[in-house]
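**Q** Each chain, written out:
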Amino acid sequence: MSELTRLSADQAAQAIAAGETSSVELTQALLDRIEAVDGAINAFLHVDADGALAAAKASDEQRASGATSYLSGVPIAVKDVFTTVGQPTTCGSKILEGWIPPYDATVVAKLRAAGLPILGKTNMDEFAMGSSTEHSAYGPTRNPWDTDRIPGGSGGGSAAAVAAFEAPLALGTDTGGSIRQPGAVTGTVGVKPTYGGVSRYGLVAMASSLDQAGPVTRTVLDAALLHEVIAGHDPMDSTSIDAPVPAVVAAARRADVKGLRIGLVRELQGSVESGGGFQAGVQARFDDAVGLLTDAGAEVVEVSCPSFVHGIAAYYLVMPSEASSNLARFDAMRYGLRVGPEGVDDPSAEQVMAASRDAGFGDEVKRRIILGTYALSSGYYDAYYGSAQKVRTLIARDFAAAFEQVDLLVSPTSPVTAWPLGEKSDDPLAMYLADVATIPANLAGVPGLSLPVGLADEDQMPVGLQFLAPAMADDRLYNAAAALEGLLEDRWGGRLLDQAPVLEGAR
Amino acid sequence: MSSGISRADVEHLAGLARIELSDAELDRLAVDLPAILEHVAVVQRAAGDDVPAMSHPLPVDNVFRADEVRPSLTPEEALSGAPESDQQRFGVPKILGED
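Quick note, the sequences are listed as chains A and B, same order.
Going by our numbering, the first sequence wraps up at 507, each residue one higher than the last.
Going by our numbering, the second sequence wraps up at 99, each residue one higher than the last.
So here's chain A without its partners, still in its complex pose (with noise of 0.2 Å):
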């Protein structure tokens, strides 16, 4: 493999500033990554090798004659729910299929604007439904550390393709983990800043008032400078905070957690043997990292957030139903999959509505349109979606009032470890439980950030850690991140990526 795909996307900026490299050498070697593991991982729905060329040309041919962004030629993965001109946009769904927008999302426009050259689109759970990409329309992307497992979801292309180094950065979207926990479970690093901290125009949306766009990266430092470019008020989102984006890349550069406050949440701990939800290695590698904060001088305290365990309940109330809303735009009018009904001469409108719909979307897709088709409906919303959004409220007040203790909060990122792919794909209540702690986050739009912290002992797959901050506090995420991720990799003597194994075709 070459060592310029396993250079950090800092490290790589550095690289092409100081002409060792050029933007173009850089992203002819990850699209050749790509050509020799994609393959095996299928982190990629669609490739655009002439596009990212074309992109990392005019970076060199820019920098060479004048003032260039900071990360100006180093090459993204984007996840397939950002709308992208010249590029198709199916969020892993069928009723999208070749679907090319007509516009750029705001995120996009960015990474453009910013000279990153855009490698392709990753694969995703349809409609960023789901924790496994299993359910994508266009096949199961696979683990880099072990390509019989799941790599999260429902970004997981954009942490396996991190992972595996065909990019050594990625946007994701968490709408109650969705970065977040594949990153815990291909041992990288993803971010989901606070709600409104990043715009949402052109992300299709699943659930509007969850949604949130973030950085996937190897590094805590590639993640908050990621986080600047994309970050930033945009008008042409109506729930885009308008005010300076947090400091982000300087909090990254402090790292330093002495006199920080942390408190580790109850109700999001202990292992399975000791009576919590967690697996025992994923525990034990929790432990041993707030061991490392403590050591490091931060004053670590047990806080209780009561209502977190009705999270999942709440979530799979809240979402269904902005879910069954947003994707009442699927009406093969005006884009998308359009089929007639079986035997039908003629057919209206609605019928072929009804046919379209049923074709182009897959089963937890539907599953989710009728669950929230449901609990909208006359008669039950008070009892199902009003006392969802009551539940809202509670956790919404327990994080204000544990923040008023502390100034971050800390738990592991998944219960568990990378299951096998299919394990789970049959039962949804049991995919729904892998979100347990990174569903809180969204319900009260707070930011929270997840990086590895080891290997579990059972099974040698990646955990994650998730510090969660204030809403607008997201600096204090990269802080103590960089801090805990120097930390563990001076123990380490490296990266932990560098632990995973050589994938097949890569030598």
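If you're looking for bench data, these hints aren't it; they were derived computationally from the structure.
Remember, predicted model here, so these are calculated numbers, not experimental data.
Errors might be hidden in some of the hints.
Said to hold, decoys possible - List time: in silico EDC-like cross-link candidates among lysine to aspartate or glutamate, alpha-carbon distance up to 20 Å:
{"#": "1", "chain 1": "A", "residue 1": "K57", "chain 2": "A", "residue 2": "D32"}
{"#": "2", "chain 1": "A", "residue 1": "K94", "chain 2": "B", "residue 2": "E20"}
{"#": "3", "chain 1": "B", "residue 1": "K94", "chain 2": "A", "residue 2": "D346"}
{"#": "4", "chain 1": "A", "residue 1": "K110", "chain 2": "A", "residue 2": "D32"}
{"#": "5", "chain 1": "A", "residue 1": "K94", "chain 2": "B", "residue 2": "E25"}
{"#": "6", "chain 1": "A", "residue 1": "K110", "chain 2": "A", "residue 2": "D60"}
{"#": "7", "chain 1": "B", "residue 1": "K94", "chain 2": "A", "residue 2": "D345"}
{"#": "8", "chain 1": "B", "residue 1": "K94", "chain 2": "A", "residue 2": "D60"}
{"#": "9", "chain 1": "B", "residue 1": "K94", "chain 2": "A", "residue 2": "D331"}
{"#": "10", "chain 1": "A", "residue 1": "K94", "chain 2": "B", "residue 2": "D50"}
{"#": "11", "chain 1": "B", "residue 1": "K94", "chain 2": "A", "residue 2": "E350"}
To be verified - Covered stretches of chain A (chain B as the covering partner; in silico rule of three or more C-beta atoms under 8 Å from a C-beta of chain B):
{"#": "12", "stretch": "97-105"}
{"#": "13", "stretch": "230-243"}
{"#": "14", "stretch": "319-332"}
{"#": "15", "stretch": "342-349"}
{"#": "16", "stretch": "356-365"}
{"#": "17", "stretch": "390-399"}
Don't be surprised by glycine CBs; every beta carbon is placed ideally from N, CA and C.
Got chain A; can you put chain B on it based on the hints?
**A** Using the frame of chain A, we list chain B on its own:
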């Protein structure tokens, strides 16, 4: 409240959601949905009447922008993904029935 959702209920909901489900899909969802609803019904006992509902993490106000003309999609761009189009219009099946 019980989550007694029958196969007929699922069929009705699918109609509301404009999804023509097959018999096998209806059978499957008639099993899945009650199981999921039983799990999420805990929200009904979690919060008292005095707890306000939260629809959104941010205070949501109307957001206005200046009423200024700016570039928009061309007709060709807007129609570029259409299953059928004619004379700069979306082509759609009939809206009204024969009777």
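**Q** Work down the list of hints and note, for each, if the structure agrees.
**A** Verification of the supplied hints:
Taken as a hint, the K57 (chain A) and D32 (chain A) pair is honoured in the structure, with Cα atoms around 17 Å apart against an allowance of 20 Å. Our distance criterion of 20 Å between C-alpha atoms is met by K94 (chain A) and E20 (chain B), whose separation comes to about 16 Å. Taken as a hint, the K94 (chain B) and D346 (chain A) pair is honoured in the structure, with Cα atoms around 8 Å apart against an allowance of 20 Å. Taking the CA atoms of K110 (chain A) and D32 (chain A), the gap is near 26 Å; set against the 20 Å cutoff, the hint is violated.
For the given pair, K94 (chain A) sits about 17 Å from E25 (chain B) by alpha-carbon distance, which is consistent with the 20 Å threshold. Straight-line distance between C-alpha atoms of K110 (chain A) and D60 (chain A) comes to about 18 Å, which keeps the hinted pair within the 20 Å bound. The suggested pairing of K94 (chain B) with D345 (chain A) holds, with an alpha-carbon distance near 12 Å, which does not exceed 20 Å. As the CA atoms of K94 (chain B) and D60 (chain A) are separated by approximately 53 Å, the hinted pair breaks the 20 Å bound.
In summary, the hint linking K94 (chain B) to D331 (chain A) is supported, as the alpha carbons are separated by about 14 Å, within the 20 Å threshold. Restraint check: the Cα-Cα separation between K94 (chain A) and D50 (chain B) comes to about 44 Å, which exceeds 20 Å; the hinted pair is violated. About 9 Å separates the Cα atoms of K94 (chain B) and E350 (chain A), which keeps this hinted pair within 20 Å; it holds. A count of 5 residues in the stretch 97-105 of chain A with a Cβ less than 8 Å from any Cβ of chain B is obtained; the coverage claim is therefore met, three being the minimum.
Requiring three or more residues with a Cβ within less than 8 Å of a Cβ of chain B, the coverage given for the stretch 230-243 of chain A holds, as 4 such residues are present. Beta-carbon proximity to chain B at under 8 Å applies to 4 residues in the stretch 319-332 of chain A; the threshold of 3 is reached and the given coverage holds. Residue count for the stretch 342-349 of chain A with a Cβ under 8 Å from a Cβ of chain B: 4. That meets the three needed, and the coverage hint holds. Counting residues of the stretch 356-365 of chain A whose C-beta sits closer than 8 Å to any C-beta of chain B gives 4, which meets the bar of three, so the coverage hint holds.
Counting residues of the stretch 390-399 of chain A whose C-beta sits closer than 8 Å to any C-beta of chain B gives 6, which meets the bar of three, so the coverage hint holds.
Checked against the numbered hints listed earlier, the structure breaks hints 4, 8, 10; every other hint is satisfied.
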